[in-house]
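Based on the provided sequences and hints, a complete structural model is requested.
Number of protein chains: 2
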Amino acid sequence: MLKISKKADYALMALQHIALVQFGDVTPGRVVNTKEIAEEYNIPLELLAKVLQTLAKNGLIESHNGPKGGYLLARSTRQITIAQILEGIEGPLGITDCSHEKEGELCLQREHCNIRTPLLKVQDSIYQLLNNMTLQDMMGGTPLITIQSPTAQGVAQ
Amino acid sequence: MLKISKKADYALMALQHIALVQFGDVTPGRVVNTKEIAEEYNIPLELLAKVLQTLAKNGLIESHNGPKGGYLLARSTRQITIAQILEGIEGPLGITDCSHEKEGELCLQREHCNIRTPLLKVQDSIYQLLNNMTLQDMMGGTPLITIQSPTAQGVAQ
DNA sequence: TTTAGTCCGACCTTATTGATCGGAGATCAT
DNA sequence: ATGATCTCCGATCAATAAGGTCGGACTAAA
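Taken in sequence, the protein lines are chains F and A.
For what it's worth, this note's numbering labels the leading residue of the first sequence as -9, then goes sequentially.
For what it's worth, this note's numbering labels the leading residue of the second sequence as -9, then goes sequentially.
Rather than coming from a laboratory, the hints here were simulated on the basis of the structure.
Some hints could be false.
Identical chains blur together in the list; that is why a pair holds if it fits in one copy or across any two.
[As the list claims (entries may be wrong)] Only pairs whose alpha carbons sit at most 30 Å apart, straight line, appear in this in silico DSBU-like list of lysine-lysine:
| id | residue 1 | residue 2 |
| --- | --- | --- |
| 1 | K(-7) | K40 |
| 2 | K111 | K40 |
| 3 | K58 | K111 |
| 4 | K111 | K(-4) |
| 5 | K(-7) | K58 |
| 6 | K47 | K(-7) |
| 7 | K47 | K58 |
| 8 | K58 | K(-4) |
A quick note: this is a predicted structure, and the numbers were derived from the prediction, not measured.
This is how it looks when you write it as structure tokens:
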């Protein structure tokens, strides 16, 4: 229960990888493309592409078009929270259907529902949890495995 | 994202209702049947029946067969946690696919996956959250929720 | 201008959830 | 004991969401 989607999983892996490349000590500053990540983690290329597009649209990463293009983090690893990443892919956090219920679309149970308020408190606690953890917290001490890409070798000095 | 299922919602409502009837001051000790709950909260009867059956099978409530039959809480409201209820309906908590991965069924990303460990810590924090809140907390005053950010504990591997 | 790469949206396939049906078994009233 | 009523429980169906795929348009570097 409470499982996050594969897309969200892929997003976390991809962002962590980009962060490692961008701020790691191997080839700092290098731009990362979709193919590199897909091959490194065995993620279907097209699906990952869509995930990255979504992340770019939500302002978490910047896309650079054309050859030698790819993605870069839009801001520092401490300014990107897990909540932002997950919400960027899966939409706003809502443990129950009525979490973001607008006026006029009440659920059938709402009239006598006594569990909404406590559940919203639980939801809020989970959000704080996810929003207090950043990309930086997910990359400590993890070694970056470099890949042999002709493109990458050409760029790295 | 992270939405719980309708069945789980129904389970929470039903258990709260049973608890109110059983320990409330109107008709204490009365047995509650499926139909009563379904009508009160506009829940499809057969679906609720299956939810209650599952809860009974998991030892959260006791079923009494035949006419004048129905359900009773198996233990006190303070001994039934939200985690127990949700897990009884939706299965064990697992925010990622590999949460309960058995030997030999590694996911394709596992080889280079660096996000598993921090995610498991997040999952553990959510579990504590849900397991520290009981049915009792959903019946009266404001639920007491304590969270502990995994970041503070040093989530990075 | 060519070429490699990203961008974007439509599409399909599968899995999960929500909901339904019909009978078996158990209990109480008569 | 017997019937009527109610819960139990498995099998099944439909709707929705997730996972994954395809083809073409656009962009920038060589």
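Hint check:
no.	hint	in the structure
1	K(-7) with K40	both (20 Å within a copy, 23 Å between copies)
2	K111 with K40	between (33 Å within a copy, 28 Å between copies)
3	K58 with K111	neither (47 Å within a copy, 37 Å between copies)
4	K111 with K(-4)	both (26 Å within a copy, 18 Å between copies)
5	K(-7) with K58	neither (36 Å within a copy, 39 Å between copies)
6	K47 with K(-7)	both (24 Å within a copy, 24 Å between copies)
7	K47 with K58	within (20 Å within a copy, 59 Å between copies)
8	K58 with K(-4)	within (28 Å within a copy, 47 Å between copies)
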